[in-house]
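The primary structure of each chain is shown beneath.
Protein chains: 2
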Amino acid sequence: MASRTASPLIHPDMDDLDLFKIMGALTDETRLTIVVTLAASPGLACNGFTRDVTPSVLTRHFRVLREAGVIRQHDEGTRRINTLRKEELDQRFPGLLDLVLKESVGRVTPYTNADCA
Amino acid sequence: MASRTASPLIHPDMDDLDLFKIMGALTDETRLTIVVTLAASPGLACNGFTRDVTPSVLTRHFRVLREAGVIRQHDEGTRRINTLRKEELDQRFPGLLDLVLKESVGRVTPYTNADCA
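Protein chains in written order, with the UniProt record's numbering: chain L, 1 to 117; chain C, 1 to 117.
Hint data in this document are derived by calculation from the structure and do not stem from the laboratory.
Take the hints with a grain of salt, since some may be wrong.
Calculated pairs, SDA-like style, for lysine to any residue (alpha carbon to alpha carbon, straight line, at most 25 angstroms) [said to hold, decoys possible]:
id, chain 1, residue 1, chain 2, residue 2
1, C, 86, L, 24
2, L, 21, C, 30
3, C, 102, L, 57
4, C, 21, L, 28
5, C, 86, L, 95
6, C, 102, L, 92
7, L, 21, C, 90
8, C, 21, L, 103
9, C, 86, L, 93
10, L, 86, C, 99
11, C, 86, L, 18
12, L, 102, C, 87
13, C, 102, L, 67
14, L, 21, C, 28
15, L, 21, C, 103
16, C, 21, L, 77
17, C, 86, L, 105
18, L, 21, C, 63
19, L, 21, C, 95
20, C, 86, L, 27
Taking CB as the label site, the calculated pair distances span [as the list claims (entries may be wrong)]:
id, chain 1, residue 1, chain 2, residue 2, range
21, L, 7, C, 79, 48 to 56 angstroms
22, L, 87, C, 57, 34 to 42 angstroms
23, L, 40, C, 107, 31 to 39 angstroms
24, C, 28, L, 107, 20 to 28 angstroms
25, L, 52, C, 42, 21 to 29 angstroms
26, L, 91, C, 112, 30 to 38 angstroms
27, C, 55, L, 77, 51 to 59 angstroms
Quantities reported herein were computed from a predicted structural model and do not represent experimental measurements.
Cβ coordinates follow ideal geometry from the N, Cα and C atoms, glycine included.
Work out the full structure, taking the sequences as your base and the hints as a guide.
Put into structure tokens, the structure is as follows:
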């Protein structure tokens, strides 16, 4: 199996962020839950999210979020760390992320510490 | 064929507007073009949009926008008139529609008068 570092993680530049791609990424409930969780707990590892979805499905959701520019991923050893690109999103699309986080209350339940490895 | 007025046009109340349903509705390029056109020309008839898409496909796109609460439709005789629910959207999700309209520049081309019946 190739090591994780073999394939570089592509992140769109802030200027290339696409509002419609981001909105599309956020209409999925699992991805929204990831975003809500990361807003509360930055720097979680991919395998810290274990509830309800299989690892391969989860990896796909993380990739969609990364390619849309919603999250940043980097590897630390064998762990892939995820953070929300909140400052960049706030700068590029003022108010959007706050609106999304506000409207997600009662709609999705953030992954709790108990669910995180 | 049943008359248009036979089936009532359902519109969600402002309090029931769902950000994620709205974002999903706006990620489609034809629907975004409709929104951009209505922002510039309120009160266009459904059959005023004739470019590129068949009437039945267009009707479906209008329904998605109406059911998401993005537009309001009402019948005047045989014409179905469309308006953007801009004030309600601005009140419920401040900044969202302005962001969408700003980011749509250069991405979609509004239907022009020449395309409108």
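Status of each hint after checking the structure:
1. In summary, the hint linking residue 86(C) to residue 24(L) is supported, as the alpha carbons are separated by about 21 angstroms, within the 25 angstroms threshold.
2. For a cut-off of 25 angstroms, the pair hint linking residue 21(L) to residue 30(C) stands: about 15 angstroms separates their Cα positions.
3. A distance of roughly 34 angstroms separates the Cα atoms of residue 102(C) and residue 57(L); the hinted pair therefore is violated under the 25 angstroms criterion.
4. For the hint linking residue 21(C) to residue 28(L), the alpha-carbon distance of about 10 angstroms falls within 25 angstroms, and the restraint holds.
5. Between residue 86(C) and residue 95(L) the CA atoms are separated by roughly 17 angstroms; this keeps the pair inside 25 angstroms, and the hint holds.
6. Distance hint between residue 102(C) and residue 92(L) is fulfilled; the C-alpha atoms sit about 12 angstroms from each other, no more than 25 angstroms.
7. Straight-line distance between C-alpha atoms of residue 21(L) and residue 90(C) comes to about 21 angstroms, which keeps the hinted pair within the 25 angstroms bound.
8. This hinted pair checks out: residue 21(C) and residue 103(L) have alpha carbons roughly 11 angstroms apart, not beyond 25 angstroms.
9. Restraint check: the Cα-Cα separation between residue 86(C) and residue 93(L) comes to about 19 angstroms, which is no more than 25 angstroms; the hinted pair holds.
10. A distance of roughly 17 angstroms separates the Cα atoms of residue 86(L) and residue 99(C); the hinted pair therefore holds under the 25 angstroms criterion.
11. A distance of roughly 22 angstroms separates the Cα atoms of residue 86(C) and residue 18(L); the hinted pair therefore holds under the 25 angstroms criterion.
12. For the suggested pair residue 102(L) and residue 87(C), the alpha carbons sit about 20 angstroms apart, so the restraint of at most 25 angstroms is met.
13. Under the criterion of a C-alpha separation no larger than 25 angstroms, the hint pairing residue 102(C) with residue 67(L) is consistent with the structure, at around 22 angstroms.
14. Distance hint between residue 21(L) and residue 28(C) is fulfilled; the C-alpha atoms sit about 10 angstroms from each other, no more than 25 angstroms.
15. Distance hint between residue 21(L) and residue 103(C) is fulfilled; the C-alpha atoms sit about 11 angstroms from each other, no more than 25 angstroms.
16. This hinted pair does not check out: residue 21(C) and residue 77(L) have alpha carbons roughly 39 angstroms apart, beyond 25 angstroms.
17. Pair hint residue 86(C) plus residue 105(L) holds up; C-alpha atoms about 24 angstroms apart against a cutoff of 25 angstroms.
18. For a cut-off of 25 angstroms, the pair hint linking residue 21(L) to residue 63(C) stands: about 22 angstroms separates their Cα positions.
19. Straight-line distance between C-alpha atoms of residue 21(L) and residue 95(C) comes to about 18 angstroms, which keeps the hinted pair within the 25 angstroms bound.
20. As the CA atoms of residue 86(C) and residue 27(L) are separated by approximately 21 angstroms, the hinted pair is consistent with the 25 angstroms bound.
21. Distance hint check for residue 7(L) and residue 79(C): the Cβ-Cβ separation is about 55 angstroms, which falls inside the suggested range of 48 to 56 angstroms.
22. Checked against the hint of 34 to 42 angstroms, the C-beta distance between residue 87(L) and residue 57(C) comes to roughly 40 angstroms, which is consistent with it.
23. At roughly 33 angstroms, the beta carbons of residue 40(L) and residue 107(C) sit within the given window of 31 to 39 angstroms.
24. For residue 28(C) and residue 107(L), the Cβ-Cβ distance of about 22 angstroms falls inside the hinted range of 20 to 28 angstroms, so the restraint holds.
25. Between residue 52(L) and residue 42(C), the C-beta spacing of about 44 angstroms breaks the proposed range 21 to 29 angstroms.
26. Taking 30 to 38 angstroms as the suggested C-beta distance range, the pair residue 91(L) and residue 112(C) conforms, at roughly 34 angstroms.
27. For residue 55(C) and residue 77(L), the hinted distance range of 51 to 59 angstroms is satisfied, since their beta carbons lie about 58 angstroms from each other.
When each numbered hint is compared with the structure, violations occur for hints 3, 16 and 25.
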